[in-house]
Amino acid sequence: VPGRPRLLAPALAGLAWAGPAHAHALSNRFGDFYGGMLHPLTALEHALPIVALGLLAGQEGARAARWLLLAFPLALLVGAGLASVLPPMPWIRPFNHLSFVVLGLLLAAAWRMPLVLLVGLGALFGLTHGYDNGLAASPGSPSYLYALGVAALGAVALALVSATALALSATADWPRTAVRIAGSWIAAIGIMMIGLASRPGPS
Amino acid sequence: MSTRVRRLQIGFDGQGGMIRLIAAATVLAPGAALAHTGEGVVGGFLSGFIHPILGFDHVVAMIAVGLWGAFLGQPAIWLLPVVFPLVMAFGGLAGVLGVPLPGVEAGIALSALALGAMVALAVRPPLWVAAILVGAFAIFHGHAHGTELPAAASPLAYGVGFVVATGLLHLSGIALGLLARWPVGLRAVRVGGGLIACAGLFFLIGA
Chain A
1 VPGRPRLLAP
11 ALAGLAWAGP
21 AHAHALSNRF
31 GDFYGGMLHP
41 LTALEHALPI
51 VALGLLAGQE
61 GARAARWLLL
71 AFPLALLVGA
81 GLASVLPPMP
91 WIRPFNHLSF
101 VVLGLLLAAA
111 WRMPLVLLVG
121 LGALFGLTHG
131 YDNGLAASPG
141 SPSYLYALGV
151 AALGAVALAL
161 VSATALALSA
171 TADWPRTAVR
181 IAGSWIAAIG
191 IMMIGLASRP
201 GPS
Chain B
204 MSTRVRRLQI
214 GFDGQGGMIR
224 LIAAATVLAP
234 GAALAHTGEG
244 VVGGFLSGFI
254 HPILGFDHVV
264 AMIAVGLWGA
274 FLGQPAIWLL
284 PVVFPLVMAF
294 GGLAGVLGVP
304 LPGVEAGIAL
314 SALALGAMVA
324 LAVRPPLWVA
334 AILVGAFAIF
344 HGHAHGTELP
354 AAASPLAYGV
364 GFVVATGLLH
374 LSGIALGLLA
384 RWPVGLRAVR
394 VGGGLIACAG
404 LFFLIGA
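Sequences listed follow chains A and B, in order. Counting with the working numbering, you get residues 1 to 203 for the letters of the first sequence. Counting with the working numbering, you get residues 204 to 410 for the letters of the second sequence.
Bound conformation, chain B alone (with noise of 0.2 Å):
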């Protein structure tokens, strides 16, 4: 235990180094080399971070994908946030380029309805059964976030903002779907599966 606390530690180390090269780099470098001024970069980054964290039903939806994937356990737990936003690029490229897709937002509800309900009755489909169906509904998020990308200020800083936020939201979902290992866990995950379903319900008669 200790070893491994000491390796983490000479870890931070090497970042605390970085941190201050980057320091010094910045006090010495001349103002004439400085293309990129930050102020887009901060900005874009921020609505791309902000945005899947506003839309309630996106965040459903992203906790349920996390949540399913632990539940299922290896080799789900990483693929499902491996394919997920490789299909999501596709769906977000159609936005980018202004193509169409109908019922975007009863897409997103129908995700959390559906992924929810996987969590909350236990299901256990084929690996290759929930790539497939949480690749589908990744198409819808990825639109929805793609639409808003040229308008950005920076749409990289706005890609990698919604890229980290979507993988947080993940990481949540997983780190909650791992209380499952133990049997009164288990039951709490199955409730918050139930919930996330009732809450893409609640958002597919809005939509």
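The shape of chain A in the complex, shown without the other chains (with noise of 0.2 Å):
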């Protein structure tokens, strides 16, 4: 709480210094970083892996999540940002389906696992499904702000969905069980996309 007037000088300040001319942020293509922090929430092969994850984050325990909160949305911010440079990887979208399935296995088996594997799993698959979100970005403007955007949105689901977790745990013992059903499910619908994926012929 003391620490509340000091941040809210500099916001008086901002608010005072704020011109006509910023008026309207999307005009300032400042609308990229919304559509970065938009596009994770608009298909479920984006949102179901921070779903997943921020369960596991709270399966893991406050410590672990708190790690995961800074791990994941950077690892999403360097994915999303290197979508535009790197050349085109097509092994990206099955290798995220693999993601689902060893999430959900991590979830269904409840084991507490080192929290450096924790992290380098949250950091890996940030950087796979943030290259996954990353390609959606508008070409021709500064991918950075999307990047931003996407990161921006990875760090508040997966904070909402670990404390909800880490907070009805805390209360009762079904939340336990309920978050191992769903993890056995969330790898059972990685197993099927994989097997859609490698379907032969069209798809």
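Bear in mind the hints are in silico, worked out from the structure with no lab data behind them. Quick reminder that beta carbons are idealized off the backbone N, C-alpha and C, glycines included. Incorrect hints may appear among the rest.
[What the hints assert, rightly or not] Label-pair ranges, simulated between beta-carbon atoms:
no., chain 1, residue 1, chain 2, residue 2, range
1, A, A197, B, P278, 49 to 57 Å
2, B, V332, A, P94, 30 to 38 Å
3, A, P88, B, E308, 41 to 49 Å
4, A, A167, B, G246, 20 to 28 Å
5, A, R176, B, V394, 25 to 33 Å
[Unchecked claim] A partial selection of chain B residues facing chain A, derived with a Cβ cut-off under 8 Å:
no., residue
6, W281
7, P284
8, V285
9, L289
10, M291
11, F293
12, G349
13, A354
14, P358
15, L359
16, A360
17, V363
18, V366
[What the hints assert, rightly or not] Some chain A residues flagged as far from chain B (calculated, every beta-carbon gap over 10 Å):
no., residue
19, L69
20, P90
21, L124
22, R199
Hints in hand, dock the two standalone chains.
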């Protein structure tokens, strides 16, 4: 609470400073930030891994969740930023479906894994899912704003899901069971999506 | 009690914040970045969600899984609903890849008959026997859903839809099965299992 006034003063200064030219953020190309922020929510294949990782963070405890909250958005930022630079990598999509299987099985097993492994997985999947999100950035506009948006949403969604899981698990036993069952279903979806991608002929 | 209620309210506030955030993002987002229109997602989800519910043989078998799990108590109450999707996925995989599985309809009807009979006769096998039995039947259920998946508007949304529907059917079975804690409830649960077995027999004759 003592920090409040210190934050308040620059905020007021910022409000006073903003002139008419800044009234419409969208016309300043700041819309790419919101584009990036919205994009993971527009498709289940982007939203599901964030939910799965958030549940996993909640299952592993508050300390692990805090580290993941640092690593995952940063990896999303790097992955989404690199998408416009790197050559096309078609194997990323099936790899991301594999991430459903890995995260789902870890949730179903409710295994207390080493913190390094959890953060490593979060960073790896953050990179690949960030890349997949970054492919949708509008060409020709600054991709860092879009990538920042993706990372911001990843951070907020991860924090909300893991905090909800942690808070509910502290009050009763059934949320832990529900998380394991949800993980099992997430793995099942991933297995079938891999099958769909490896189907012969046009899909 | 009051602290628990308050904690739940805090949880809902968090979700309300999320909804507000999504709403704000939706309003502020430029049209250019919308690669996914969402129409296929809604259609895929609904067709996936409805598929397990429209098949009555499937519905009673899924309720029987939850019913039997709750009837057997810990740890079957959570182990069976965890085992089911994992094994079902491999049946779904075969369905997606177009690998034929003979007697899918008979297998689903048989699963309702067998699982319903387990509850009705109050059979309490070792946990691994129950898991293998439920898993074996899961392959038939997965195959039936997986065959439909590639034709869906959005295969992933279809998958999520049928997963949510099947999970909810398990949950309703578990909720009904928890009645077995009381003597009257136990009788009701066993009668329910008997009804499921009868329905399974009916579908088996029809298949």
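*asked:* If I claimed the Cβ atoms of P88/A and E308/B lie 41 to 49 Å apart, would that claim hold in this structure?
replied: 43 Å Cβ-Cβ, so the 41 to 49 Å window holds.
*asked:* Given a hint of 25 to 33 Å, does the C-beta separation of R176/A and V394/B actually sit inside it?
replied: holds, 32 Å
_Next item in the hint list is L289/B. Is there a CB on chain A closer than 8 Å to its CB?_
Cβ of L289/B sits 5 Å from chain A, so the hint holds.
*asked:* Does R199/A clear chain B by more than 10 Å, comparing its Cβ with all Cβ atoms of that chain?
replied: For R199/A, whose nearest Cβ neighbour in chain B is about 6 Å away, the distance does not exceed 10 Å, so it is violated.
*Take the C-beta atom of V332/B and the C-beta atom of P94/A, compute their distance, and say whether it sits inside 30 to 38 Å.*
Hint holds: Cβ distance 36 Å, inside 30 to 38 Å.
*Close enough to count: is the Cβ of P284/B nearer than 8 Å to one in chain A?*
holds, 5 Å
*Hold the hint about F293/B up to the distance rule: shortest CB distance to chain A must be less than 8 Å.*
holds, 7 Å
_Verdict on L69/A as a residue remote from chain B, using beta-carbon distances over 10 Å_ = At about 15 Å from chain B, L69/A clears the 10 Å cut-off, so the statement holds.
*Assertion that P90/A lies farther than 10 Å from chain B (Cβ)*: P90/A is indeed farther than 10 Å from all Cβ atoms of chain B, at 16 Å.
*Restraint check, 8 Å cut-off on beta carbons, for W281/B near chain A*: Hint on W281/B: holds, closest Cβ of chain A at ~4 Å, below 8 Å.
_Cβ separation check - L124/A to all of chain B, threshold 10 Å_ = holds, 21 Å
*asked:* Given a cut of 8 Å on the nearest C-beta pair, is the interface hint for V285/B held or broken against chain A?
replied: holds, 4 Å
When the structure is compared with the earlier hints, violations turn up for hints 1, 4, 13, 22 and for no others.
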